[in-house]
Each structure stands twice: as C-alpha cells, then as structure tokens.
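Protein chains: 2
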Amino acid sequence: MASDSRVLNSALRSRIMSAEEAAALIPSGVNVGMSGFTGAGYPKQVPAALAKRIMDSNLNGKKFKIGVWTGASTAPELDGALAMVDGVEMRLPYQSDPICRKRINAGEMEYIDIHLSHVAQSVWFGFLGKLDWAVIEVAGITEEGHLIPASSIGNNKTWLDCADKVILEVNSWQHPALEGMHDIYYGTQLPPHRKPIPLVRPDDRIGEPYLKVDPSKIVAIVETDLKDRNSAFTPPDQASKQIAGHILEFFEHEVRKGRLPRELLPLQSGVGNIANAVMNGLNEGPFDNLTAYTEVLQDGMLDMLRSGKLTSASSTALSLSPAALAELYTNIDDYRRRIVLRPQEISNHPELIRRLGVLAMNGMIEADIYGNVNSTHVMGTQIMNGIGGSGDFARNAYISIFMTPSTAKGGDISCIVPMVSHTDHTEHDVQVIVTEQGLADLRGLSPKQRAKVVIENCAHPDFKPVLKDYYRRANSYAAGRHTPHLLEEALSWHLRYLRSGKMPRD
Amino acid sequence: MASDSRVLNSALRSRIMSAEEAAALIPSGVNVGMSGFTGAGYPKQVPAALAKRIMDSNLNGKKFKIGVWTGASTAPELDGALAMVDGVEMRLPYQSDPICRKRINAGEMEYIDIHLSHVAQSVWFGFLGKLDWAVIEVAGITEEGHLIPASSIGNNKTWLDCADKVILEVNSWQHPALEGMHDIYYGTQLPPHRKPIPLVRPDDRIGEPYLKVDPSKIVAIVETDLKDRNSAFTPPDQASKQIAGHILEFFEHEVRKGRLPRELLPLQSGVGNIANAVMNGLNEGPFDNLTAYTEVLQDGMLDMLRSGKLTSASSTALSLSPAALAELYTNIDDYRRRIVLRPQEISNHPELIRRLGVLAMNGMIEADIYGNVNSTHVMGTQIMNGIGGSGDFARNAYISIFMTPSTAKGGDISCIVPMVSHTDHTEHDVQVIVTEQGLADLRGLSPKQRAKVVIENCAHPDFKPVLKDYYRRANSYAAGRHTPHLLEEALSWHLRYLRSGKMPRD
Ligand SMILES: CC(C)(COP(=O)(O)OP(=O)(O)OC[C@H]1O[C@@H](n2cnc3c(N)ncnc32)[C@H](O)[C@@H]1OP(=O)(O)O)[C@@H](O)C(=O)NCCC(=O)NCCS
Ligand SMILES: CC(C)(COP(=O)(O)OP(=O)(O)OC[C@H]1O[C@@H](n2cnc3c(N)ncnc32)[C@H](O)[C@@H]1OP(=O)(O)O)[C@@H](O)C(=O)NCCC(=O)NCCS
Numbered sequence: 339m340a341s342d343s344r345v346l347n348s349a350l351r352s353r354i355m356s357a358e359e360a361a362a363l364i365p366s367g368v369n370v371g372m373s374g375f376t377g378a379g380y381p382k383q384v385p386a387a388l389a390k391r392i393m394d395s396n397l398n399g400k401k402f403k404i405g406v407w408t409g410a411s412t413a414p415e416l417d418g419a420l421a422m423v424d425g426v427e428m429r430l431p432y433q434s435d436p437i438c439r440k441r442i443n444a445g446e447m448e449y450i451d452i453h454l455s456h457v458a459q460s461v462w463f464g465f466l467g468k469l470d471w472a473v474i475e476v477a478g479i480t481e482e483g484h485l486i487p488a489s490s491i492g493n494n495k496t497w498l499d500c501a502d503k504v505i506l507e508v509n510s511w512q513h514p515a516l517e518g519m520h521d522i523y524y525g526t527q528l529p530p531h532r533k534p535i536p537l538v539r540p541d542d543r544i545g546e547p548y549l550k551v552d553p554s555k556i557v558a559i560v561e562t563d564l565k566d567r568n569s570a571f572t573p574p575d576q577a578s579k580q581i582a583g584h585i586l587e588f589f590e591h592e593v594r595k596g597r598l599p600r601e602l603l604p605l606q607s608g609v610g611n612i613a614n615a616v617m618n619g620l621n622e623g624p625f626d627n628l629t630a631y632t633e634v635l636q637d638g639m640l641d642m643l644r645s646g647k648l649t650s651a652s653s654t655a656l657s658l659s660p661a662a663l664a665e666l667y668t669n670i671d672d673y674r675r676r677i678v679l680r681p682q683e684i685s686n687h688p689e690l691i692r693r694l695g696v697l698a699m700n701g702m703i704e705a706d707i708y709g710n711v712n713s714t715h716v717m718g719t720q721i722m723n724g725i726g727g728s729g730d731f732a733r734n735a736y737i738s739i740f741m742t743p744s745t746a747k748g749g750d751i752s753c754i755v756p757m758v759s760h761t762d763h764t765e766h767d768v769q770v771i772v773t774e775q776g777l778a779d780l781r782g783l784s785p786k787q788r789a790k791v792v793i794e795n796c797a798h799p800d801f802k803p804v805l806k807d808y809y810r811r812a813n814s815y816a817a818g819r820h821t822p823h824l825l826e827e828a829l830s831w832h833l834r835y836l837r838s839g840k841m842p843r844d
Numbered sequence: 339m340a341s342d343s344r345v346l347n348s349a350l351r352s353r354i355m356s357a358e359e360a361a362a363l364i365p366s367g368v369n370v371g372m373s374g375f376t377g378a379g380y381p382k383q384v385p386a387a388l389a390k391r392i393m394d395s396n397l398n399g400k401k402f403k404i405g406v407w408t409g410a411s412t413a414p415e416l417d418g419a420l421a422m423v424d425g426v427e428m429r430l431p432y433q434s435d436p437i438c439r440k441r442i443n444a445g446e447m448e449y450i451d452i453h454l455s456h457v458a459q460s461v462w463f464g465f466l467g468k469l470d471w472a473v474i475e476v477a478g479i480t481e482e483g484h485l486i487p488a489s490s491i492g493n494n495k496t497w498l499d500c501a502d503k504v505i506l507e508v509n510s511w512q513h514p515a516l517e518g519m520h521d522i523y524y525g526t527q528l529p530p531h532r533k534p535i536p537l538v539r540p541d542d543r544i545g546e547p548y549l550k551v552d553p554s555k556i557v558a559i560v561e562t563d564l565k566d567r568n569s570a571f572t573p574p575d576q577a578s579k580q581i582a583g584h585i586l587e588f589f590e591h592e593v594r595k596g597r598l599p600r601e602l603l604p605l606q607s608g609v610g611n612i613a614n615a616v617m618n619g620l621n622e623g624p625f626d627n628l629t630a631y632t633e634v635l636q637d638g639m640l641d642m643l644r645s646g647k648l649t650s651a652s653s654t655a656l657s658l659s660p661a662a663l664a665e666l667y668t669n670i671d672d673y674r675r676r677i678v679l680r681p682q683e684i685s686n687h688p689e690l691i692r693r694l695g696v697l698a699m700n701g702m703i704e705a706d707i708y709g710n711v712n713s714t715h716v717m718g719t720q721i722m723n724g725i726g727g728s729g730d731f732a733r734n735a736y737i738s739i740f741m742t743p744s745t746a747k748g749g750d751i752s753c754i755v756p757m758v759s760h761t762d763h764t765e766h767d768v769q770v771i772v773t774e775q776g777l778a779d780l781r782g783l784s785p786k787q788r789a790k791v792v793i794e795n796c797a798h799p800d801f802k803p804v805l806k807d808y809y810r811r812a813n814s815y816a817a818g819r820h821t822p823h824l825l826e827e828a829l830s831w832h833l834r835y836l837r838s839g840k841m842p843r844d
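Heads up: the protein sequence lines correspond to chains A and B, in order.
If you count the first sequence from 1, position 23 lands on 361 in our numbering, and the numbers rise without skipping.
If you count the second sequence from 1, position 249 lands on 587 in our numbering, and the numbers rise without skipping.
The hints are simulated quantities; they were obtained by calculation from the structure and are not laboratory data.
Treat the numbers as computed from the prediction; the structure is a model and nothing was measured.
It is possible that some hints are incorrect.
If several chains are the same, the list does not tell them apart, and a pair holds so long as it fits within one copy or across any two.
Listed next, the in silico DSS-like pairs over lysine-lysine satisfying Cα-Cα at most 25 Å (straight line) [claimed, not checked]:
#1 K503 with K401
#2 K790 with K440
#3 K802 with K840
#4 K401 with K468
#5 K403 with K790
With these hints in hand, go ahead and build the complete structure from the sequences.
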C-alpha cells in the first residue's frame, strides 16, 4: 500500500485491486451505473478494462453486453471504449460520444433519452429495471469510509444507494481540496413521503460534503491517477459573439422594463461553445453580483467567478478545459466556497429551478417558425446527444432562451425551418429564440405572430424569403389557420437536404 | 337593495349596478381577466352584455376588441358570446368553445396556448402585457369585504391582484355552503423571493378561504342568479370502459410489483368523458383510501368521494353535471371538508405535482409510434382546445398516462400515427399510452422498442399492418435508426385524410 493512498479507511484497503481484476467481476447482462457528467468525474480504468474483456468474449463468440447508465456524457475511456467493442445493450440518459452516436444511429445500440432530473427518481421507482452494479470515481475515501466526490456528482448518490455491488475508482489526480465543495442532499424520498426541498438561494448548502455507501457493497477499489478529459473551448467566433450580444441587450431591456432585477436571476447555461461565449459576453457586460444555478460549469462561468461578476455558482459538474481547471486549483480555497456541486436530481430539480426563477440558456439543433425546438435529432432521425437538462430548465425557467447559429454545415442547412423534424421543447416552453441574426421574443405571441418574428429576426437572409413564402402559403391554404402548415411541404426541407445536401433557398 | 343580497359589505353596496351598466365601463383595447374554469364559476351576465355592446360598436363601424384571459374554458355566455361578435383580439390560455375554435382556426382570432401553471406567473412577471380589467364571479362578499369564491378559482386571485379595475358578479345561485371549501394561498412571490410551498398532502390547507381585493379597484358589482353550465357526461361507452379496464389492470400490476402503494398515489384526471369513465372504473375497482390532486373535479370523482373510495380531492374547479352538482349540494357539509378548491397556480404547480407523485391521466388527439403526443391540433393545424394542465401534470407525474380511443371519426382516423402532426408532450414525458385495444408501458424503452409496443398494444387492427409496414421500412431506409422515420411519408396519413377523408389502411 502506497503511503499516499487516498483510501484512508483501513477495512476497505483490502479491497484494492487492479482495474482488470475489478472489471473481471462484472458479468454480462447487468446494468451498471457509472459516474461521469461531461468529461468530469467518470471512471477512467475499469470501463476500458471491461471493454477489453468484452472484446475477448465477443471474439470467442460469447455475446457480452451491459446497460450503461451515467450522469450525462462521459469520455472516450468510458463511452468510446464500451461502444467500440459493441458492449452496450442500452445507454442512458445522455451521451455525446462519436462512436456511441454512430452505433445508436446505425441501430446497433439502444439509447433512452431522459430529462436529467427524471433519471434518479426513475431508478428509485424501479421504472428502468434493476441497477446491479455501480462504478464510481471518487477523490478519496475518509477514515470513516465516507466518499469524497470528484469533479462531478451526477447520479452517483443514486447509483451508490441502488446498486447491489460497487466498484470505486479512487483517483489521486482529483484535487484533494475538492473536499468540502460538494453538497449531497440526503433528504429526498419516494412519494407519498416527499417534503419541500429547503433550498431558496443558489448557494444554499442543504446536505453533506460526502457520499455514503454501505461498505459491504464495495467489491473492489481501484486506485488511479488520471486526468479528466474535458476538451478546450474554441474562442468565441463571430456568430457566438453576436448571439451573446443579442442576449445581453435583451437582459438590459428587461431590466429597464422592470421585468428583471439588476443582478438578473440565477443563470443556467447549457453545454457547448455558444453557451460558453454567452458567459464571456456577460463577463464583459454591465451586470454584477450574478449567481448561477446550472448543471455544467464551463470556462466562461469560471472566468466570471474569477472576475467577481458571478458571486457563486451551483452545478453538478466542473466541465472545465485543462487550462481553466489549472486556474481553479490554483485558487481552490476561494472557489471551494463559491462553487457548490450537487447531485443532478437537485441541480435539475423542477421545484428548485421554478423557485429560483432561473434564466435558462440552451443550445439547439433547429427551431421552427412557430417556436418549437429540436435539441436532439439531426434530420428527425439521427440522435446528436440527447435532451440533457434542457427540458428541466426550459420548462421551469423564469425565461427560457434557445440559441443556435442561423445555419449549419457551411450554410447549407437553415436552423430555422418550417416544421422541426423532431420536437423536444414545444411552443409552450420556448420564450426566446436567438441566432446571430437577432433575437425573437415570443412571450405573449400567438403562433402566427411568432412565425413573423422568428422569420424576421432569426432566419438567415439566404432562407428568409423561402420561409416567408412558406408561411404566406401556409396561412392561405392550410386546413387550419391557428398553426398554419402545408403538411406536404412541412418536412420537405429536411428531405431535400438528405437528397441534395442543401436546404431550399428558392 | 334586496334583503337577501349577498353583498354584505355596506360600502360596496353602492357599486351594485346592472350588467349593461357594468359592461359599458369596459373600453375597447383592454385585456380582461375573467373567472371561469370549465363551465364553472365564470361571469354570466357582464360578458354577454359586453358582447352586445361590441356588436353595436362594430355595426357602427367602430372596431371593438378585447383580450380575454381566463382560468381555462368557460361557457357560451362568455366565450361563445364574445367570439360570436368578433370581440376577441387575443384569447388565452385554454378554450373549448365551438365558435371560438372556429374563429381561431379561420385565422380571425389570436389564441395563445399556455401551460395552466404558467399563466398566473407570466402575468405577475409582466410577460403577457398589462391586465387592465377583471370580471370575476363570486358566491358572496362578506361584511369585511372578503370575496367568497364560487365553483371554480382558476386565476381569480391573480386577476384581482393585477387588474386596475374589477367588476364582480355576485351569483346567488352559487351555494352559500361553498364558503370554507376554498384554500387561497397568498404566499407566492416573484423570484428571487420565492419560498417552498408548504403543501405535502393533497388535502393540506395552506391558505385562506377568501379572495382578497383592494376595494378601491371595484368599479361595479352585478348581482346574478344563474346556474353554471357544465354539461352532463355521456355514460361510458365500450371503448372508455376498456380503457379504464386497462388502466386498472396496470395499477394492480404496479401494486403487485411494489412500484405503487395499495392506496395508489394522488390521482389527476383530465377533462372529458374518457377521464370520467376511468374514475367510474376506479370506483368499482379494488383500491381504497384514494386521494386526488387534480384541476377538474368531474362526476366520476364525486361518485368516488360519495362511495368513500376517494377520501379527499383537491381541484381548482367543480366541473360537475347538474345532477352531480345537486348531489354535492345535498351533502355539502361532508363534501366541503373533503374537497379543497385552490388557485390553478397551486393545483397545477410543478413543485407540488412532483412532490406528491401524482398519477396523471389525460386525453389526447393522437400519439405517434415513438410515444410523442398531440393534445391540441387536429391534422397539425387546427386547434381543438389547448394543452390545459396536461403538461404540468405529465412532466411532473409519478406516472404519466395518455389515453384515447384508437380511432376517431367513425374509424377513418387512426389515433396512432407514424409521426404526430403537432407535439405537445414529447417522448420524454409520456410513459403510458392506452387505447381500447390495450396499454403500452413505455418506461425504460428506447424509441424503437416503444414503436413495437405502441403499434402492437394500442393501434386499431385496421391500421396495425400499415403502421408495422411503415416502421419496418423506416427502420430499413431512414437516414438515422435511433428514431427511424421516412420524412416523405411521416405526415402523409394526415394529408391523405385531408384529401380523401380516410387515413390509409393499406
Ligand atoms: C443542440 C446541441 C447539439 C448544439 O451544440 P453546440 O455545440 O452548441 O452546436 P454546434 O453548432 O457545434 O452543433 C453541433 C453539431 O450539430 C450540427 N448541427 C447544428 N445544427 C444543425 C441542424 N440544424 N441540422 C443538422 N445539423 C446541425 C453541427 O453542424 C455540428 O455538427 P458537427 O459536430 O458534425 O460539426 C447541444 O446544445 C446539445 O446537445 N443540446 C441538448 C442538451 C442540452 O441542451 N443540455 C443543456 C443543459 S447542459
Ligand atoms: C384531447 C382532447 C380534445 C380529447 O377530448 P375527449 O373529450 O376525451 O375526446 P373525444 O374523443 O370526444 O374527441 C374530441 C374531438 O376530437 C376529435 N378527435 C379525436 N381524435 C382525433 C384525431 N386523432 N384526429 C382528428 N380528430 C380527433 C373527435 O372526433 C372529437 O371531435 P368532435 O367533437 O368533432 O366529435 C381533450 O382531452 C383535451 O382537450 N386535452 C387537452 C387538455 C388536457 O389534457 N387537459 C388536462 C388537464 S384538465
């Protein structure tokens, strides 16, 4: 035993073994709850070791597959490795791995796309079947046997509670000073025994800093020293800066109108480069004393914490680039007080998002002229990532904003279409749509009024005339003029793209 | 002043006038918040008097229109009258009036379809524009000037709080013994000042029995003596009975599996005959000590309260047939203790629905093979009623169930289609689909797995082969096999119906 072992509980030391030994314990056919939320806090050795075992088994003609449940997306060592060897029977609730995605879209792997706030309770309720195993990365094990969470929490509490057998990866790369940053709420119950969740400010601490687990369930502990794999963000491009600019202008307008306090309301910002760029914009904007209640804390938010624009942030994951992570750890004592990491059933809880009045800003694939949003399916059939927490936030937000560049694939695709090819957020849940072209404020507008504003403010000039023409004809010839559509044309833009590589410009 | 006047506050007596005089006060161009939730508790004279005034004005070439905001649907004296004279500029948030519907679908009237739980807060936030007037039916005014609510509450609290000027209809037909049945929660706040709502059981009383209003805002009081207009329910037909049977069987199965307690969880039941039939089924079923947390209390639930199957019910409206209402009033002292009427921002609050773990049962227009649900649009363009509270309940429910006969219009329309022509509830929010053919339990299934179960269990035999064929071809030829669709065919069933009056059977 190395003297610098982070397994301080002596009874548990005997369960330390290699990743290969631990992976050998997991049988085919089980459901495994893994840690990981974005490229943070996922197990880094056992899944890949398991993937190798699965490969051997498959090469020997013995089909070996497991169900893989996580917090959200993970990294190549987990999703990539297991998908590569065709080891995943069913994946949930969110993924963004290229190999995974390819298998799912080839029909070789099943995937269930679930609101992130629904996942933990669906497992407690028994709605997704039995959770057999848990493989969880932690930053250490205390003398008392408590688990110090790593750089994300996700569904770890639930996986540890529900699984029969637990494998822990204790990663000494995770900074020891993370201890105390987490807030694990153990007050959730099954109905009819649920009580109000006592959180009224984004930075309230309502739980405990450690994860608990019945030690008799721990069958293996693997010591690792491997870094998280969040990729760097691209510097904001012109379109992202314009999107950020429109949102800032909108917030300023709302403050002037008395519909938002000067320090705004808690910010939620989705995954990806555009969301990050909006945070960059806010960091240079006129608002101070901001707070965040979100599920991913990306570089842009860390910058805002550093500059003091943001006083505190609540998240379930540190989705930081290597450079930002280095900065976090340099000033960890300050950040630890201002960042709270929570289980995702709390970071994404409808009760709390609604109570706090979060300003939700999420990316999307496409929106239609009536304000329905597709966050997940390219051309209606191919999954990109999944809905993630966007529905939890959009439905319960004070204002729900969706953003995208107005075109994709070098301008061949219009992200504003007559009818979305898949709906994740209905007209009822979408209040603002933003592209680099402009912002459409849909509050208080009927479908037809919305269509005019969406086309006028958000569509790319290349597609604006064709959209206007569609809307005009739909409004003249549709069977119903509440939400006028020409059903024979509504999805023809997607079809044309599939056939010719371009959506129609004339 | 008649000695039996229900306007007990003497200062307010001077404001009593005729409906015509009161209606004459309302100018064109204003937004009017009216009471009314289903055919219960809507103002019965002022809207019709106003409609006549509007007609005169329009006949004289002076355009007269108002915005009409309500709790939900109302009755011919309100929606019908105002729509008939083309007096409505913008209607929200839910309607079910034939004349209204016709005007909306002809493009002559704007309509915004909003989650019922979002309405009150959107008005507080200032997102829908200014609320100028309120016209509210009450059952009486106490000596202190408090308002005794009538047979529905809806958004009355918010209309009274937000409007500049208030007209009250004091309806002596409303039973005096309603006093004490209501629970008006005055603890809601704007973010960032919101606190947990202290309701943990469906029958908890957390507020006050009266509505409050600044007396200086009351510009007119109209005394009426007119009955509510909820229509009678049709006796359950064969299909409804079968749907009810499948749901009962499902609940029994869930209890056996330990996924539901024996007394189930609080029931929510949507509008209409099928929902009513399910309550009839439960009334004859094996479950006792049930509770309800719903927005409409229809005859079926009253029967369950009478039989003792249901111990208590929380609702925002008494949507009872004349016969059921008579029964209610015969035993009002008992029912008053067991029924709580609440503002709709509480009956439909995501925080509370999620906390209580409601079993949500709502009707729909159509579902697609992947489990997306259309509650509102016939053939994708014509509004039927609106989403109502179905989204509030479905998203936050313990189990969310949608039900419909498998066909409509004498069998020419399949209510299970390849792709819904409009989406109100996404695959993420739909756990169970039921038709008279059977029940599809979609929990834990991927889209392709769902498609098989939905087609097999729910589709009508006339359409099953065609649906299977669509799915098979989509799964072979779609660009993506996560949610396989043939975009050129996905909406062709609706198109075929519009062109030929029949969806395809071969
Ligand atoms: C929608 C989402 C994929 C956008 O991601 P992003 O990083 O902001 O956007 P990008 O512009 O880089 O687009 C991602 C990909 O989708 C493609 N794309 C974007 N719009 C498209 C459209 N309308 N049609 C087809 N493809 C499109 C892009 O070309 C890009 O593809 P590539 O990787 O092959 O280049 C992302 O926001 C997401 O997964 N959202 C759902 C989950 C969520 O909102 N979570 C929020 C809480 S964290
Ligand atoms: C969807 C909804 C309209 C169904 O109502 P219902 O009374 O159970 O159903 P019905 O079978 O009587 O259908 C109502 C009408 O829709 C028509 N219809 C039903 N399915 C149809 C379909 N797939 N395509 C076209 N028309 C359809 C029926 O023919 C009927 O038309 P008619 O009045 O001209 O005969 C109703 O549940 C609703 O408004 N839901 C949304 C609001 C809600 O869910 N609130 C819940 C909380 S209270």
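Here's how the hints hold up against the structure:
Taking identical chains as interchangeable, the C-alpha atoms of K503 and K401 lie at most 25 Å apart only when both belong to the same chain, with a minimum of 22 Å there against 73 Å between chains. For a Cα distance limit of 25 Å, the shortest separation of K790 from K440 across copies, 22 Å, qualifies, whereas the shortest one inside one copy, 37 Å, does not. Taking identical chains as interchangeable, the C-alpha atoms of K802 and K840 lie at most 25 Å apart only when both belong to the same chain, with a minimum of 15 Å there against 35 Å between chains. In this assembly of identical chains, K401 and K468 lie within 25 Å of each other by CA distance solely inside one copy; the values are 20 Å within and 64 Å between copies.
When the C-alpha separation of K403 and K790 is checked against a cutoff of 25 Å, the pair qualifies only between copies, where the shortest distance is 22 Å, while the shortest distance within a copy is 50 Å.
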